[in-house]
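Number of protein chains: 4
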Amino acid sequence: MRYFKSDNTAAVCPGILDALAQCNVGVALAYGEDRWSASLDAAFGELFETKVRVFTVASGTAANALALATLCPPWSTVLTHAEAHIERDECGAPEFFTGGAKLSLVGGAGAKMSAADLSARLDWFEPHVHGVQPRALSITQSTERGAVYTPPELRALSKIAHDRGMAVHMDGARFANAVVAQSVSPAELSWKAGVDVLSFGIIKNGGMNAEAVVYFDTARIADFEFRRKRAGQLLCKGRYAAVQLLASLEGGLWRKNAERANRLAARIAASAPQLLSVPAQTNQVFMQLGERRIAALSKEFAFYPWGPAGSGEARFVCSWDTPEEDVDALCDALKRIG
Amino acid sequence: MRYFKSDNTAAVCPGILDALAQCNVGVALAYGEDRWSASLDAAFGELFETKVRVFTVASGTAANALALATLCPPWSTVLTHAEAHIERDECGAPEFFTGGAKLSLVGGAGAKMSAADLSARLDWFEPHVHGVQPRALSITQSTERGAVYTPPELRALSKIAHDRGMAVHMDGARFANAVVAQSVSPAELSWKAGVDVLSFGIIKNGGMNAEAVVYFDTARIADFEFRRKRAGQLLCKGRYAAVQLLASLEGGLWRKNAERANRLAARIAASAPQLLSVPAQTNQVFMQLGERRIAALSKEFAFYPWGPAGSGEARFVCSWDTPEEDVDALCDALKRIG
Amino acid sequence: MRYFKSDNTAAVCPGILDALAQCNVGVALAYGEDRWSASLDAAFGELFETKVRVFTVASGTAANALALATLCPPWSTVLTHAEAHIERDECGAPEFFTGGAKLSLVGGAGAKMSAADLSARLDWFEPHVHGVQPRALSITQSTERGAVYTPPELRALSKIAHDRGMAVHMDGARFANAVVAQSVSPAELSWKAGVDVLSFGIIKNGGMNAEAVVYFDTARIADFEFRRKRAGQLLCKGRYAAVQLLASLEGGLWRKNAERANRLAARIAASAPQLLSVPAQTNQVFMQLGERRIAALSKEFAFYPWGPAGSGEARFVCSWDTPEEDVDALCDALKRIG
Amino acid sequence: MRYFKSDNTAAVCPGILDALAQCNVGVALAYGEDRWSASLDAAFGELFETKVRVFTVASGTAANALALATLCPPWSTVLTHAEAHIERDECGAPEFFTGGAKLSLVGGAGAKMSAADLSARLDWFEPHVHGVQPRALSITQSTERGAVYTPPELRALSKIAHDRGMAVHMDGARFANAVVAQSVSPAELSWKAGVDVLSFGIIKNGGMNAEAVVYFDTARIADFEFRRKRAGQLLCKGRYAAVQLLASLEGGLWRKNAERANRLAARIAASAPQLLSVPAQTNQVFMQLGERRIAALSKEFAFYPWGPAGSGEARFVCSWDTPEEDVDALCDALKRIG
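Chains as they are written, first to last, in the numbering used here: chain V, 14 to 351; chain X, 14 to 351; chain L, 14 to 351; chain E, 14 to 351.
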């Protein structure tokens, strides 16, 4: 079988695996007191061209939920898209970590919310004790449907949030794919566009088991470190998380991995553009195939059907290590059955 | 400096690092659907000579807190020792994961509780809605003071717990050290002695960032998997957690690592037995040094003072990779100043 | 000013106030061990023509949230209407009491959900650990827009829920108004239509500060009593809660109060039927007045504008003690400006 | 039977019942927007001779737990006595309302903690993320064993707390009894002695179902109002809570009720001083009776045995309405069997 199920089924890229082996010498203080962990702020500061504070955690779910917990008291709500990972794929982690805050959902094609839709949803909330209070906006970049927010779009959303006293969180499990898709800088897609805290993912981009939470507004950090410890997310041997992130930044590895994944996805999309159900901007391709084509392709290719049963839609995801020949085969098959 | 601060400052042992590299080939389904994860139950079942269900998490704190969350509703309490890691070193993780259950503390030298003390503490609780209800007993093996519970001691404690309808959890962050210290089987120190669920640690014993939660009483698993996901502890690329555990079991690596750590600690203890503050049964040595000796040793050795400021007590921990020559040096120094 | 803001601004009706005075003699065991509390099950059993278990709490919010907490683990979700009180007016109480479960919203005019909309919303959920699991359906009867669910409508919704293993909760803060509006029995609007647990409200119907949680399916009670105590909702002097409920049932006082409130509301609706924004079935009347009429009426009448600012809609609520002459005056005014 | 079980089995005193009836006229805005609620701050300000903010709740448990929730983040701990109501009799309410903070226990005779014991317990905590952080001290006045803290004792405890950045909470379910026992002003036993927030109880002192949370340090209020609403403790018809408190303050009713209860208890204590197990300073009397005397007295008197089964200790509590003749009878009986 040729695999297009997800970028999280990929192996760890050599640069990161090598870094793990290289740091594996002698003693290092535990719980982030090691020298690799100590250099994270500087490394990310360079990438983002500003002063940042960076914390490692073991999963993207933890990154999102812990970040939101520092922004949102229990009696508040997070505005987010109805298809967001934090709503649909984390089994209520934000609710758990915040102590019971809500997620309030906004619609929009391509799993993207518009400024108008966000504003309309916010009109539901009143500043009294009877209802929860909006305290954070969470934006997925790139989205669960492979779309990207442009810097102007982000700025418009952030302005609405900030004008209401809300913080802006970005779920960047696939942030790298959004950066390379738009030829903009990481800064332009984050703090320069109003993002206060970013879940910077590497696991879907060649990493093993570490993600970073990047605070641009350090006043928002609040009690992050107590909450991380309490959640079992302060890893004992911190060096093995830190070096994954450092290796990912080193020489732009994060960028190269994402570029390759995006490029392969673009080839798939181009092979049958008439089947695309949403534009393919990053490393995910969604196609309206119908059940017959899905069945035919499933003999050779592993991929997920998408949406409710019988929708006829399918998703193909490329990763840093998807074999070129698998993409060739898929393109051929799509052309054949298109 | 020669390091005796903790076994969690050690590197990853070669057997485990090699296993990580070897599994790093091609695609593997995410979230524990890979073949390594699938073989955990069988591997642990063989080790423990019984049928078990095993789940991986990213830290010992998560292992303990998730296990307790499946045993303890919010209106219940966990009986544990006042010096237990879950009480003193996890920043309230059990309270977080259980939704606000209590820990009710029992005293006892060597961080060990006696059956009598446990019974006396349980007498405080009444079966009405005004007070929390005891639902779990959590025992640390080996203890935070390097002591071990013998099988008869465990059976006595477990019986008290089971007779009151409580489950028995064992925090086995240093379970391996307790097994090799007593020349008993893993089974004899766990389910045969009444343990229902065990946090089986490898991070302090040569692992990188994976621990196992081992359910002997599978009826206790309850909603563990939902809770794990919700806590950001269901790791995306599950193979890299599973292989660490498999490699640790392979050929008894866990045992060899613990034997070495215990043996080195025994040498330290033997070098100045008159200074021991508690018997040294595993890989931790506690000595009543006084401030003068502590100051003298601190020039060459890194270790933690223990207890409240000015107590004069110190802790030395050996790990799988503590250099033999560091132990030589420490023994010499202790003899000199003893 | 003549008040139509809400039925919760009304005084306590004489029958209930008298009952409070009459029970105020001598000693009564605390925490629900008194004889009035002991008779609640029988009294409600008679009303509902079946065996029930009844618990008192101090507010409707507590009734709803505690009931849901017994039905919904933290990793689950409650299906409910987007305008439901539990979503919009309880500041996240269900999330708090459940330990972080979600509310998943269904639309529908009149704050009523249809079976089709419920089914469509449920299609989003999959039985795996990545997403929360639907565990309860919460229906408001009568709804936040004054509508009622008929027995067949309730049965259709309940069937969908039960077929998926979900429990059915009814928020009956205005249950009495729904019963008298339809000339059906309390049983037909509750357990006979599939309701497993009902928040039976009297505070909006002449009570002072007690509500009842009525379990028809006693297996669902679970740990209600521990949760109630832990929430500060097990009242010390239980007799003063119990007698309010008993007095409300006595001689059908609950029914008489609701009949009067509904009748007055019907008069208001009939005075300007062309202005109704939704049908007026119970004691709430919603009218599309426009800003000019709202301003004019506001000089003499106190009422709430409804919906987002500038919507032009208004709500008038009648209670057991709304003066007949206030209704006369409002009807006249509406005819004048209609 | 003559009842000495608790002061919470008493009826509501006439002054409070009358006030409930008198306010029961016409419309009053809900959720504390009524004029009685609006006057609470002034009334309590006068009693305490300082500016205060006062909030009503439905139970003492809610008062304590909500106050602590505003003082204590989830990763913190409350220092309190091992016999405190918040530890033993609230089924984990503080843990629930705080989102999982701990209670850390201090011993001491008479359910009183000494400054030395508090300091020693605080020495266990270190300012790092591995352990919970002390954030509040909770003192019960009068204590669960009927003792009182003097102003100098309170000042010493508060100083220790404030010096560590902790807030001081007082559980004043029987605050009135402590005030009249010492002939000091309410101010001297609260803010003048370092108390930041007080749970002021009236339910055990003639009230029906309302308690007050009194903030002396208004900066500590934080998000109290959101938390109260979310807990179902913001009562709909707020006037019926407010008037109970106002009536209790009116003309010093709270003081008269407590004086009578204390005086009756003093008579009981004086009838058999040789049997007292702790000094009887307020309205509770603890006696070491032995099982034989307990059995004999139980034929005529209802009271609770105290402590673990077989302790032979008993508790007698007097309330505002304990019949004088019941006290006569108990005194006679105690003299007879003493």
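Don't take each hint at face value.
Some chain V residues close to chain E (C-beta under 7 Å, calculated; not the full set) [as the list claims (entries may be wrong)]:
no.	residue
1	15
2	118
3	120
4	134
5	137
6	138
7	238
Covered stretches of chain X, as calculated for chain V (at least 3 residues, CB under 8 Å) [stated by the list, open to error]:
no.	region
8	72-80
9	86-95
In short, the hints are calculated from the structure, not lab data. All residues carry an ideal CB built from backbone N, CA and C; glycine is no exception.
Comparing the hints with the structure gives:
1. 15: Violated: closest Cβ of chain E sits about 45 Å from residue 15 of chain V, beyond 7 Å.
2. 118: violated, 20 Å
3. 120: This interface hint is violated because 27 Å lies over the 7 Å limit.
4. 134: violated, 20 Å
5. 137: Violated, because the Cβ-Cβ distance from residue 137 of chain V to chain E comes to roughly 17 Å (cut-off 7 Å).
6. 138: Violated - the Cβ of residue 138 of chain V stays beyond 7 Å from chain E, reaching only about 13 Å at its closest.
7. 238: holds, 5 Å
8. 72-80: With 7 residues in contact (Cβ-Cβ under 8 Å with chain V), the coverage given for the region 72-80 of chain X holds.
9. 86-95: violated (count 0)
The structure shown violates the earlier hints numbered 1, 2, 3, 4, 5, 6, 9.
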